[in-house]
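In the order they appear, the protein sequences are chains A and B. Oh and the first sequence: position 158 is 1384 in the numbering used here, straight run, nothing missing. Oh and the second sequence: position 58 is 164 in the numbering used here, straight run, nothing missing.
If you are wondering where the hints come from, they were derived from the structure by calculation, not from laboratory data. Check each hint, because a few of them may be wrong.
[Said to hold, decoys possible] Derived contacts from chain B toward chain A, CB cut-off under 10 Å, selection only:
id : residue
1  : Asp135
2  : Arg173
3  : Asp189
4  : Ser190
5  : Arg283
6  : Arg287
7  : Glu288
8  : Ala292
9  : Phe296
10 : Pro310
11 : Leu311
12 : Met313
Ideal Cβ positions, reconstructed from N, Cα and C, are used throughout, including at glycine.
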Amino acid sequence: MIEARGVTKVFGLSDQKAAQRLADGAAGREALAADGGVLAVDDVSFTVETGELFVIMGLSGSGKSTLIRMVNRLIEPTSGTVLIDGDDVGKMSDKALRSLRNMRVNMVFQHFALFPHRSIRDNVAYGLKTRGEASRKRVEKANRALEQVGLGHRGDAFPDELSGGQQQRVGLARALATDADVLLMDEPFSALDPLIRRDMQNLLLALQGEFRKTILFVTHDLNEAMRIGDRIMVMKDGRSVQMGTGPEILADPATDYVREFVADVDRTRVITAATIMREPLVVATADESPRQALKKLEGVEASGLYVLDADQHVLGVAKDEALARAAGSGKDLKSVLVDDYESVTEDTPMVQFAHLSGNHPVPLGVLDAEGRLQGVVPRAAILAAISGDNGTEAGETSTEGGEKVTENA
Amino acid sequence: MPELPRIPVGKVIADVISWLTTHWSVFFDGISSILVAFGNAIYYVLSLPHPYVLTLIFAALALLVTRRPGLPIFTVIAFLLIDSMQLWDAMLNTLAIVVAAALIAIVIGIPLGIWAARSTSVSVTVRPVLDFMQTLPVFVYLLPAVFFFGIGIAPGIVATIVFAVPPAVRLTELGIRQVDREVVEAARAFGARPMQVLREVQLPLAMPTIMAGVNQVIMLALSMVVVAGLVGAPGLAQAVVASTQSLNVAGGFEGGIAVVILAVYLDRLTGGLGERRRRRGRKRRGRRAGQVPPEEAEVERENTRQPVAPVA
Ligand SMILES: Nc1ncnc2c1ncn2[C@@H]1O[C@H](COP(=O)(O)OP(=O)(O)OP(=O)(O)O)[C@@H](O)[C@H]1O
Ligand SMILES: [Mg+2]
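Isolated chain A, as found in the complex (with noise of 0.2 Å):
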C-alpha cells in the first residue's frame, strides 16, 4: 500500500523558504513564484491500495513524474509523508532506502533508461546485483523475468538491438526479476506505437492478473488511463483535481479542465458491456411449452428470446416462427433452439462489439466465465453511448433505448 499526504515539492529554493511560502495560502503560491521558485506539485493526498493499479493522469508539466519520484525519494519531498506499508519512506536512512528501493519498489521508465553497455540479462539482474545476489541465482531470476515478458530468448542482445516494445519489456522485467510489491511507472508506454502500447497494456494487464502487484503509473493519456487504472487521479498544475475509477470520472467530470479531457476520450474503449446491459425483456426455461414462450414474446412484440436452464446458462435462442410451428406439430422447446445469437463478457470494451448486434432475433447476450446470462445490450443501447454527452446520460438512454428497439423488434 501507497499512502501520500500533503506532498508537496518545490525546485528552485530552499526548503525553509518554500515553507513560509507555502504557509501563506494563495498569496504565498504566487510570491513562491516571483522568487523564482517552481511548484511542481502542490499539497497531494492519495492512497494506493494493495494490488492496486492506480493511474496518475495530466498534462505535461503537471507534476506527475515529480510526484513519482517522491514516492521512492528520487527527489526529496519540500513538505509531506509517503508511507509504504506503513513505513515512512522520508524518515528512512539511506541505507534503508537503498533496501526499499531495492527490494520493495521498482521502476520502470518513459526512455525505458537501460544500460546500453549491458546485455539484456545483465540489465535485467541490475537490481539482484545491488542487492548482492549470488551470480547463479541472478541469471536464473532474470531468465525467469525475459520469460514473463516474452522475450526469454534475448538475454545475451544488447539493448540497441533490441526494439522500443522489447526494450520496455525488458524494462518490465527489471522490474519483476527483484520480486518487489510495489512498481512506480513514469510513462512507460509513451514512447512506443499505439499498436505496441496496446500490446505492452495487455501485457501488464496480463502480468498485474497474475501477481496484483501495487502500482502507480503515470501517463498523460487519458484512454490509457481509463484502459488499465482500477482508479485515477486526474493533476493539473501540482494538484490533484479529480480521484475515481474512470467511469466515474468521464461520468461526472469535476471541472471543465476534466471535461476537456475526456471530451478526447474513446467512448467505445472505456464502456464496457456491464456499464451499458440491462435485464433482458423476457427469456425462457428449458421446461417451458413454446406455446408458452410465444405468449411471452407477444407481450413484447419481440421476434426471438434466450431460452436457459435451470442456472441461467444460455442453451440457445427461439424464434417467433419456429416456436409457432413447434406449437401447432406439438414438439418441445428444445427441437426449436438455435444458435443464432452473439455474446461478449461483461468487460468487453464496447469498440470490441459494436458491429456484433443488429442481425440477430435477439439483442447481444452478456455471459459470464460459466456462461450465464448476466443482461442483454440492445443495439440502441450502443448508439446512445457513442453519442451521449457523458457516462451517466448513455447510461440512462441506452436502458430506455434497448426496451424500445426489443419491444420494435
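The hints should help you fit chain B with the ligands onto chain A, whose structure is shown.
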C-alpha cells in the same frame, strides 16, 4: 576626464612570485626533483629496448588498439625514419616528458572533472580557472615556472600540465553530465549507492568522451613540450630550437617531422582507444555513415574551443 591611477597588477604578481621563490624554495625544489625523477624514470624504461624492438612494440600496440593494418605499418616506417634521422634519443626524451605530463594532467583532471560533474558549485568555480589556464599565453607562465623549478624538464612538465589539464576536466565533466538522466535514475531506483552509480553507469557511459579528453591532453602536451624546449627541456624541441637559431633549415625540418610523426602516432592510438570503447558500448550495431552521435558532436564542438599552442 580624470586619469585612472595605474594599478600595478603585474608588479603585485611578480612580487608574489619572487616572495614564493625565496620562501618556498624547498617546496618547489622538492616538486622539481620529483618531476625530474618521474620524467627520467619513463625515459629510462623507454630507452631499455633497442630502437627496432621499441618500434615493433609501438606497432603491436597500434594493431591491438585499431585492429587495422594502417597505423601499424605507418608506425614501423615512421619510427625507423626517426631513427635514421638520428633523432631517436631526442624523440624518447620528448615522449618521456609528454607521457609524464599527460599522466599527471589526467590524474589531476579526471577526478576534478568527476567532482565538477557531481557538484554545480564546483563546476562554476572551476570553469573560469580552466579558461584562464588555457588562454593565458604560454610564455607568461613559462618564465615563472623557470624561477620556481629551474632550467630543465621540470618547468616544461609543469607548464605542460597547466596547459593540458583543462580538456581533461572539461571532457570528463561533459561526458558524465551527458549520460542520460533517466539511466542514472534507474541505477539509483534499483538501490545503487552513489559510488556504484558512478562506477557502473556514469563512468562507463562517459568513457568515449573522457577518452577524447585524454587524447586532447596528450596532443596539447606534445605541442607544449616543443615550447618547453625553450626553457631547456631536452628532446626534439631542442633539436628544432637549435636548428632554427643556427639557420639550419634541414635540421629544423627533420626535428619538425619527428614531432609530427609522434603526434600522429599518439593521436591515432588514443583516438582509437576511445573509438573502441564506443564500439564496445554499442556492440554489433553498424553505425550509419554521416551520423554523428550527439555526444560526439558535443566533443567536436568542445575541440574547437581549445586554443592550440604554437609549435616551435
Ligand atoms: N529539477 C527541476 N528543477 C526545476 N523545475 C523542475 C525540475 N523538475 C521539474 N520541474 C518543473 O516542475 C513541473 C512539473 O514537472 P514534471 O516533470 O513533474 O511534470 P510531468 O507532469 O511529469 O510532465 P511530462 O508529462 O512532460 O513528463 C514543471 O513545471 C517542470 O518545469
Ligand atoms: Mg514526466
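Checked hints:
Checking B/Asp135 against chain A by beta carbon gives a least distance of about 46 Å; that is not within 10 Å, so the hint is violated. The beta carbon of B/Arg173 comes no nearer than 20 Å to any beta carbon in chain A, farther than 10 Å, and the hint placing it at the interface is violated. Hint on B/Asp189 is violated. Least Cβ distance to chain A is approximately 41 Å, over the 10 Å limit. Below 10 Å, beta-carbon pairs count as interface contacts, and B/Ser190 has none with chain A, the closest being about 44 Å; its hint is therefore violated.
The criterion of a C-beta within 10 Å of any C-beta in chain A is not met by B/Arg283, whose closest approach is roughly 17 Å, and the hint is violated. Interface restraint check for B/Arg287: the shortest CB-CB distance to chain A comes to about 9 Å, inside 10 Å, so the restraint holds. Given the 10 Å rule on beta carbons, the hint for B/Glu288 holds: about 4 Å separates it from the nearest Cβ of chain A. At its closest, the beta carbon of B/Ala292 sits 4 Å from a beta carbon of chain A; the interface hint therefore holds under the 10 Å criterion.
For the restraint placing B/Phe296 at the interface with chain A, the shortest Cβ-Cβ distance is roughly 4 Å, inside the 10 Å limit, so the hint holds. Hint status for B/Pro310 relative to chain A: holds, with the closest Cβ pair at about 5 Å, below 10 Å. The restraint placing B/Leu311 at the interface with chain A holds, with a minimum CB-CB distance near 6 Å, inside the 10 Å limit. Interface restraint check for B/Met313: the shortest CB-CB distance to chain A comes to about 9 Å, inside 10 Å, so the restraint holds.
In summary, the numbered hints that this structure violates are 1, 2, 3, 4, 5.
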